[in-house]
Amino acid sequence: MKKSKVFITLIICLTGLLLCFIASLVFGSRDVSMSDVKAALFYNKADTIGQIVVTKRIPRTVFSLIAGAALGISGAVMQAVTRNPIADPSVLGVNTGASLFVVIGIAFFNISNASQYIWLALLGAAVTTIFVYGIGSMGAGGATPIKLALAGSATSAALSSFVSAILMPRADVMDTFRFWQVGSVSGANWTNIRMILPFLIVGALLALILAPFLNALALGDEMATVLGVHTGTARLLGAFSGVILCGAVTALAGPIGFVGLMVPHVMRLLLGPDQRIILPMSALGGAVVLTAADVIGRVLGSPGELESGIVTAFVGAPVLIWIAMKSKGNSL
Amino acid sequence: MTDKNSNIVMDGFQARKRRYLTVTCCLAVFVLVLCAIVLLYGNTIYPLSTIWKVLKGENIKGATFAVKSLRLPRMLSGLLCGFAFGMAGSTFQTMLRNPLASPDIIGVTSGSSAAAIFTLIILGLPGPTVSIAAVLGGTVTSAFIYLLSRGGSYNGGRLILIGLGMQAMLNALINYFMLKAPQHDVPTAFRWLSGSLNGISMSDIPMLAVVLLIFTPVIVMLGRHLRILELGEETAITLGIHADRTRLLLILSSVVCIAFATATAGPIAFVSFLSGPIARKLVGAGMNNELPSGLAGACLVLMADLIGQFAFTTRFPVGVITGILGAPYLLFLLIRMNKSGGIS
Numbered sequence: 001m002k003k004s005k006v007f008i009t010l011i012i013c014l015t016g017l018l019l020c021f022i023a024s025l026v027f028g029s030r031d032v033s034m035s036d037v038k039a040a041l042f043y044n045k046a047d048t049i050g051q052i053v054v055t056k057r058i059p060r061t062v063f064s065l066i067a068g069a070a071l072g073i074s075g076a077v078m079q080a081v082t083r084n085p086i087a088d089p090s091v092l093g094v095n096t097g098a099s100l101f102v103v104i105g106i107a108f109f110n111i112s113n114a115s116q117y118i119w120l121a122l123l124g125a126a127v128t129t130i131f132v133y134g135i136g137s138m139g140a141g142g143a144t145p146i147k148l149a150l151a152g153s154a155t156s157a158a159l160s161s162f163v164s165a166i167l168m169p170r171a172d173v174m175d176t177f178r179f180w181q182v183g184s185v186s187g188a189n190w191t192n193i194r195m196i197l198p199f200l201i202v203g204a205l206l207a208l209i210l211a212p213f214l215n216a217l218a219l220g221d222e223m224a225t226v227l228g229v230h231t232g233t234a235r236l237l238g239a240f241s242g243v244i245l246c247g248a249v250t251a252l253a254g255p256i257g258f259v260g261l262m263v264p265h266v267m268r269l270l271l272g273p274d275q276r277i278i279l280p281m282s283a284l285g286g287a288v289v290l291t292a293a294d295v296i297g298r299v300l301g302s303p304g305e306l307e308s309g310i311v312t313a314f315v316g317a318p319v320l321i322w323i324a325m326k327s328k329g330n331s332l
Numbered sequence: 001m002t003d004k005n006s007n008i009v010m011d012g013f014q015a016r017k018r019r020y021l022t023v024t025c026c027l028a029v030f031v032l033v034l035c036a037i038v039l040l041y042g043n044t045i046y047p048l049s050t051i052w053k054v055l056k057g058e059n060i061k062g063a064t065f066a067v068k069s070l071r072l073p074r075m076l077s078g079l080l081c082g083f084a085f086g087m088a089g090s091t092f093q094t095m096l097r098n099p100l101a102s103p104d105i106i107g108v109t110s111g112s113s114a115a116a117i118f119t120l121i122i123l124g125l126p127g128p129t130v131s132i133a134a135v136l137g138g139t140v141t142s143a144f145i146y147l148l149s150r151g152g153s154y155n156g157g158r159l160i161l162i163g164l165g166m167q168a169m170l171n172a173l174i175n176y177f178m179l180k181a182p183q184h185d186v187p188t189a190f191r192w193l194s195g196s197l198n199g200i201s202m203s204d205i206p207m208l209a210v211v212l213l214i215f216t217p218v219i220v221m222l223g224r225h226l227r228i229l230e231l232g233e234e235t236a237i238t239l240g241i242h243a244d245r246t247r248l249l250l251i252l253s254s255v256v257c258i259a260f261a262t263a264t265a266g267p268i269a270f271v272s273f274l275s276g277p278i279a280r281k282l283v284g285a286g287m288n289n290e291l292p293s294g295l296a297g298a299c300l301v302l303m304a305d306l307i308g309q310f311a312f313t314t315r316f317p318v319g320v321i322t323g324i325l326g327a328p329y330l331l332f333l334l335i336r337m338n339k340s341g342g343i344s
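Protein chains in written order, with the working numbering: chain A, 1 to 332; chain B, 1 to 344.
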């Protein structure tokens, strides 16, 4: 029964992935025909305009798949580490922290190449995570969802005020980095993707290796210790992998919210609490969701495009509301 | 014995009342001083006598334009919007018994903004319609938050979390409208969204003033009931307060104030959130703090606007300054509440 459920979900996700992949190549400010897609994909042709368009859309599509997967895993890991259903890079303000560091780098230290962005973004993400979690876990009861969410959104608000204060006098920077405020996969190219890929692979592998330990953490710290898990180390490594994943994605795409919140949630609802299943499925689901959001953004926003961060926020925020409604007073 | 006790109670009440009056008067004087500074200070600094003459209607070259078309609307809008945000914010905070439940945190202001942006940019309708749309947007948002957070006993944490979710959605909606906006409207909309007193003309002021004149007395009168509601729902009902009716009226009046202020100056960050706690600190617990909160809000906006205008080489809109001032306080408040177990 359980196995077949996983299998069915897997099939659905893979089908969704394929559909999104094709849709992402086909739709846009200029729709292309299937034959052009086929020619460009399989025969590497770039003769007609349609085929050229497809070639241009491939890196973006690949990036949205990878980024979605990374965000999905990142959310699942963070929720497991903090044992908190709403932990997500966007709710924790991690994305905004990464943005602030990058913007500071660009504005004050003349940093202009993507490899330096990544380090800044990672640093910003790490600092913000520690800060927000520190504030959220003060006092009795540890880091409850509501405390964490408030600490995250307060930090987010503070940091984004700083981001606008830094950007406002610098019209040129503001123009280029408007997407930092909303999140978009449109800026991707092969060089950038190659740049962040090592980070994502390390983060994802680490998360997958940690899955059994995260399962133990879910039983509570005492139980986990009894089972022989070093809870501190497991937490630290988990948080590290979550931060690497979302920091690297943010370095390239800006803050994309709520993918890491909703995908692991849906997966947990469908497949139960086993992290060994949830982590890879969240990766798949995240890839589907982000790519779909990107396609929807292009269709809704034509002739321009709606940044995928906006679409995911619109779809994902109700999930947050729903989690809040579902929770009984005491557990918040 | 009883007599002595009642004396102590009366004395305490008198002392609190004196403090309340002193604080309110001081705040009012401070607001007046700030208003004067806004009128006096600028690229050219005019003497007080010139300002007075201009206000009386004399025509002085240069001064009339600078004061009447630029500084006066700026001063009035700062004053009125700050007052509206402060008063309404404090009402929300008292009503929901949580300083974090201010309209700019739980998304009511975003609801107004989204509706205003929609009418302004997508439909291209003029001023008054925008205000009405903002009122509708704010009301619908608060209704949603209220309905969604009902179920079971009232729970502040859940309401705030739901509000945060609403806010994220509404911001996404605002971004979508911005994208669909005609290119030449985008800078205006951006300026408006960060909360700014630039470019407000004299014609925007009267409606805001009328709204405040109508709803300030309502909020202040009902605020007394609110004090009793603060004791808890059951106690209030025992004491003969129509809890639901009071709440509904207060929410509506506050939302109207916020919506009109938002339609004029945009969602100025954190003013609603900051004013209440500031006023409460000054006035002390147990007194009505709607009026002091309003005055504190006006102070905040006028001061932040002066800082934004003149303290840096670049001119920042007032919302950026209040954002930078307000966010650390929000964090501080969170840390304190967490330590004392205020939000569980």
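Simulated from the structure, these hints should not be mistaken for laboratory data. Any given hint might turn out to be false.
Derived BS3-like pairs: lysine-lysine, alpha-carbon spacing no greater than 30 Å straight-line [what the hints assert, rightly or not]:
{"hint": "1", "chain 1": "B", "residue 1": "180", "chain 2": "A", "residue 2": "56"}
{"hint": "2", "chain 1": "B", "residue 1": "339", "chain 2": "A", "residue 2": "326"}
{"hint": "3", "chain 1": "B", "residue 1": "56", "chain 2": "B", "residue 2": "68"}
Label pairs and their computed distance ranges (CB to CB) [as the list claims (entries may be wrong)]:
{"hint": "4", "chain 1": "A", "residue 1": "198", "chain 2": "B", "residue 2": "42", "range": "34 to 44 Å"}
{"hint": "5", "chain 1": "A", "residue 1": "127", "chain 2": "B", "residue 2": "332", "range": "12 to 22 Å"}
{"hint": "6", "chain 1": "A", "residue 1": "269", "chain 2": "B", "residue 2": "42", "range": "58 to 68 Å"}
{"hint": "7", "chain 1": "A", "residue 1": "111", "chain 2": "B", "residue 2": "56", "range": "33 to 43 Å"}
{"hint": "8", "chain 1": "B", "residue 1": "235", "chain 2": "A", "residue 2": "222", "range": "21 to 31 Å"}
{"hint": "9", "chain 1": "A", "residue 1": "191", "chain 2": "B", "residue 2": "68", "range": "52 to 62 Å"}
{"hint": "10", "chain 1": "A", "residue 1": "191", "chain 2": "B", "residue 2": "339", "range": "44 to 54 Å"}
{"hint": "11", "chain 1": "A", "residue 1": "42", "chain 2": "B", "residue 2": "122", "range": "34 to 44 Å"}
Fair warning: this is a prediction, and the values are worked out from it, not measured in the lab. Even for Gly, the Cβ is constructed at its ideal location relative to N, Cα and C.
Here is how each hint holds up against the structure:
no., hint, verdict
1, 180(B) with 56(A), "holds (25 Å)"
2, 339(B) with 326(A), "holds (26 Å)"
3, 56(B) with 68(B), "holds (11 Å)"
4, 198(A) with 42(B): 34 to 44 Å, "violated (55 Å)"
5, 127(A) with 332(B): 12 to 22 Å, "holds (19 Å)"
6, 269(A) with 42(B): 58 to 68 Å, "holds (59 Å)"
7, 111(A) with 56(B): 33 to 43 Å, "violated (56 Å)"
8, 235(B) with 222(A): 21 to 31 Å, "violated (41 Å)"
9, 191(A) with 68(B): 52 to 62 Å, "holds (57 Å)"
10, 191(A) with 339(B): 44 to 54 Å, "holds (48 Å)"
11, 42(A) with 122(B): 34 to 44 Å, "holds (43 Å)"
Consistency with the previously given hints fails for numbers 4, 7 and 8, ordered from lowest to highest.
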